[in-house]
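2 protein chains.
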Amino acid sequence: MTFTELRNFLESHDDYVIITHRNPDGDTVGSGFALWNILKNMGKRAKVVNCEPFPARYDFLYEGYSAPEFEPETIIAVDIADERLFGEELMGYAGKVDVCIDHHISNKYFAKETIVDGKASSATLILYRFVRETGLPINDIIAKCIYTGLATDTGCFKFENTTPEAHIAAAELMAYNIDFANVNRRMFDIKSRGRMKVEAAVKTNMEHLFGGKCAMICVTRQLMEETGVDPAEFDGLASIPLESEEAIIGITMKELEKGGFKLSVRTTDKADASAFCRQFGGGGHIRAAGCEIAGSYEEVRGAVTKAVGELFGE
Amino acid sequence: MTFTELRNFLESHDDYVIITHRNPDGDTVGSGFALWNILKNMGKRAKVVNCEPFPARYDFLYEGYSAPEFEPETIIAVDIADERLFGEELMGYAGKVDVCIDHHISNKYFAKETIVDGKASSATLILYRFVRETGLPINDIIAKCIYTGLATDTGCFKFENTTPEAHIAAAELMAYNIDFANVNRRMFDIKSRGRMKVEAAVKTNMEHLFGGKCAMICVTRQLMEETGVDPAEFDGLASIPLESEEAIIGITMKELEKGGFKLSVRTTDKADASAFCRQFGGGGHIRAAGCEIAGSYEEVRGAVTKAVGELFGE
Numbered sequence: 000m001t002f003t004e005l006r007n008f009l010e011s012h013d014d015y016v017i018i019t020h021r022n023p024d025g026d027t028v029g030s031g032f033a034l035w036n037i038l039k040n041m042g043k044r045a046k047v048v049n050c051e052p053f054p055a056r057y058d059f060l061y062e063g064y065s066a067p068e069f070e071p072e073t074i075i076a077v078d079i080a081d082e083r084l085f086g087e088e089l090m091g092y093a094g095k096v097d098v099c100i101d102h103h104i105s106n107k108y109f110a111k112e113t114i115v116d117g118k119a120s121s122a123t124l125i126l127y128r129f130v131r132e133t134g135l136p137i138n139d140i141i142a143k144c145i146y147t148g149l150a151t152d153t154g155c156f157k158f159e160n161t162t163p164e165a166h167i168a169a170a171e172l173m174a175y176n177i178d179f180a181n182v183n184r185r186m187f188d189i190k191s192r193g194r195m196k197v198e199a200a201v202k203t204n205m206e207h208l209f210g211g212k213c214a215m216i217c218v219t220r221q222l223m224e225e226t227g228v229d230p231a232e233f234d235g236l237a238s239i240p241l242e243s244e245e246a247i248i249g250i251t252m253k254e255l256e257k258g259g260f261k262l263s264v265r266t267t268d269k270a271d272a273s274a275f276c277r278q279f280g281g282g283g284h285i286r287a288a289g290c291e292i293a294g295s296y297e298e299v300r301g302a303v304t305k306a307v308g309e310l311f312g313e
Numbered sequence: 000m001t002f003t004e005l006r007n008f009l010e011s012h013d014d015y016v017i018i019t020h021r022n023p024d025g026d027t028v029g030s031g032f033a034l035w036n037i038l039k040n041m042g043k044r045a046k047v048v049n050c051e052p053f054p055a056r057y058d059f060l061y062e063g064y065s066a067p068e069f070e071p072e073t074i075i076a077v078d079i080a081d082e083r084l085f086g087e088e089l090m091g092y093a094g095k096v097d098v099c100i101d102h103h104i105s106n107k108y109f110a111k112e113t114i115v116d117g118k119a120s121s122a123t124l125i126l127y128r129f130v131r132e133t134g135l136p137i138n139d140i141i142a143k144c145i146y147t148g149l150a151t152d153t154g155c156f157k158f159e160n161t162t163p164e165a166h167i168a169a170a171e172l173m174a175y176n177i178d179f180a181n182v183n184r185r186m187f188d189i190k191s192r193g194r195m196k197v198e199a200a201v202k203t204n205m206e207h208l209f210g211g212k213c214a215m216i217c218v219t220r221q222l223m224e225e226t227g228v229d230p231a232e233f234d235g236l237a238s239i240p241l242e243s244e245e246a247i248i249g250i251t252m253k254e255l256e257k258g259g260f261k262l263s264v265r266t267t268d269k270a271d272a273s274a275f276c277r278q279f280g281g282g283g284h285i286r287a288a289g290c291e292i293a294g295s296y297e298e299v300r301g302a303v304t305k306a307v308g309e310l311f312g313e
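Sequences listed follow chains A and B, in order. Just so you know, we're using numbering that gives the first Met the number 0 here: the first sequence kicks off at 0 and counts up by one. Just so you know, we're using numbering that gives the first Met the number 0 here: the second sequence kicks off at 0 and counts up by one.
Quick caveat, the hints were computed from the structure, so don't treat them as lab data. The structure displayed is predicted, hence computed values, not measured ones. There's no promise every hint is true.
For identical chains, the list gives no copy identity; a pair is met inside one copy or between any two copies.
Said to hold, decoys possible - Simulated crosslink set (DSSO-like; lysine-lysine; CA at most 30 Å straight-line):
1. K118 x K305
2. K190 x K107
3. K118 x K39
4. K212 x K196
5. K190 x K43
Build out the structure end to end from the sequences listed, making use of the hints.
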């Protein structure tokens with residue numbers, strides 16, 4: 000589907016449901032509300048849905064948002080590579096998506112029409128190309144949504160996936176009132192007190208193995224209870240071990256409620272996270288992968304450090 | 000001095016000393032070695048100096064750097080607003096600087112010629128304008144130096160001082176082999192084990208006052224001794240308190256060797272750090288200021304919390 004065809008499609012349909020992915024991030028929320036505003040400007044009815052309520056930190060993206068009651072007719076998925084990411088509550092939409100707009104190379108082409116570019120830094124960047132190429136109007140809130148997705152997915156233009164196009168889009172979006180410094184403060188700097196406590200705890204307990212080439216943190220049920228912090232604050236710690244200066248592989252072990260551990264593995268360009276996790280039946284990307292391992296803390300830690308030793312030929 | 004005049008000046012002189020500021024950061028080091036490479040390409044002798052050795056984290060900016068022995072003839076200062084920032088060891092150059100290239104609005108015009116733009120996101124961005132406008136050649140290392148200064152001073156395009164020009168320059172510099180993701184990892188993500196320990200300790204001890212509107216950390220001599228970490232790792236903690244989600248004012252109290260405390264104050268757009276510090280005989284910028292207060296921990300903490308209470312009308 001070309002952008003012109005997408006514009007024609009959007010103009011000739013109505014009553015849109017825009018699906019965003021579970022564990023919502025700035026790119027899926029930004030894409031959802033950018034599209035909602037685009038549709039609103041076309042005079043269409045639309046709502047943005049997620050399998051859970053959006054975290055409050057994204058509320059600046061849906062100021063002034065409201066959705067009238069209507070019978071869904073047209074279903075769009077944004078920043079979603081796989082229907083499994085709808086979350087259980089929205090599984091009723093599986094098999095019914097009309098258009099998917101995404102930037103994951105792993106997209107499963109589950110929708111009737113898919114607009115995907117694995118080289119785009121964010122899904123919002125694809126929406127930006129769409130509005131620019133088809134001459135649709137951009138306003139402050141659309142610009143802010145697009146910028147937020149772009150900043151979120153590139154780690155504020157820090158990661159390898161940042162392209163010249165991403166920088167140029169950011170420069171152009173600054174012509175609108177997007178208050179990007181506050182967006183970035185909300186996306187990258189601000190932490191709840193609970194989160195700060197959690198990060199301090201795991202950094203205090205971080206292990207440095209093999210001369211520091213492997214940094215490992217472990218979140219046990221006991222630690223979660225001791226800190227007395229909402230369990231959700233223990234999500235997304237995986238990037239922390241690799242902050243250690245000598246680390247090549249960073250491992251986050253998180254004890255599961257059902258027993259056993261979930262491993263999140265991150266690597267620099269000197270190791271393959273995906274290959275590492277495949278040994279344990281997991282997988283993922285070359286720099287970020289995961290797996291689950293059954294067993295006690297001692298058993299899992301033993302198996303993991305053995306595998307790390309083999310990785311370094313030690 | 001126009002850029003054309005600067006080019007003529009550089010071409011008609013030789014034996015350059017390029018001064019970078021004390022407590023060197025990515026912008027002064029990036030500016031220094033960008034200029035060194037520009038001069039090298041002109042066939043000139045030059046060296047980059049600092050009052051102390053450059054920290055190892057910047058070594059990728061001076062790979063292949065060497066300076067022959069020569070009698071200094073032409074003195075350039077980069078990213079330096081005031082001669083006091085030369086550091087004691089380089090004070091002999093005070094009053095002798097031929098050209099200062101800087102982006103601080105507070106520049107003291109201490110050099111014979113000053114090229115300053117307070118709106119430029121970094122000093123390297125001014126050098127970028129210079130090479131672009133005068134048609135001087137850019138190579139990978141010059142591009143990397145310019146990018147590093149730009150990324151450092153904008154917090155990787157995160158802060159208010161990021162301009163559309165900064166993004167466009169970044170996009171253009173990506174045409175060179177600058178390995179920006181590794182530059183950013185080095186500048187923003189990687190921490191020594193000691194630093195990680197220090198941050199964990201201050202986050203564990205962080206106080207949240209006035210319903211969280213004030214977040215405060217305190218680095219006592221005792222804490223410094225207990226952690227057993229190089230005292231230098233305790234520098235630059237000032238941005239941490241403001242990571243707390245409700246904080247409007249973030250205060251870092253650091254006990255001085257001579258007794259008393261150095262305060263570093265950071266504020267969101269809802270408070271004036273400079274006005275706060277002026278009460279204690281200090282000063283600075285509206286969002287970042289400092290002061291020194293004599294007294295014991297209890298005395299200083301008392302005076303500070305009283306002043307914070309007044310700020311909030313409590």
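Against the structure, the hints come out as follows:
1. Proximity of K118 and K305 under a CA criterion of 30 Å is satisfied in neither setting, with 36 Å inside one chain copy and 54 Å between copies.
2. For a Cα distance limit of 30 Å, the shortest separation of K190 from K107 qualifies neither inside one copy, at 34 Å, nor across copies, at 38 Å.
3. With identical chains, the CA atoms of K118 and K39 are at most 30 Å apart within one copy only, with a shortest distance of 28 Å there and 37 Å across copies.
4. Taking the closest pair of Cα atoms, K212 and K196 come within 30 Å of each other both inside a single copy (26 Å) and across two copies (17 Å).
5. Neither within a single protomer nor between protomers do K190 and K43 lie at most 30 Å apart by alpha-carbon distance, with minima of 37 Å and 50 Å respectively.
Hint check: violations occur at hints 1, 2 and 5; the rest are consistent with the structure.
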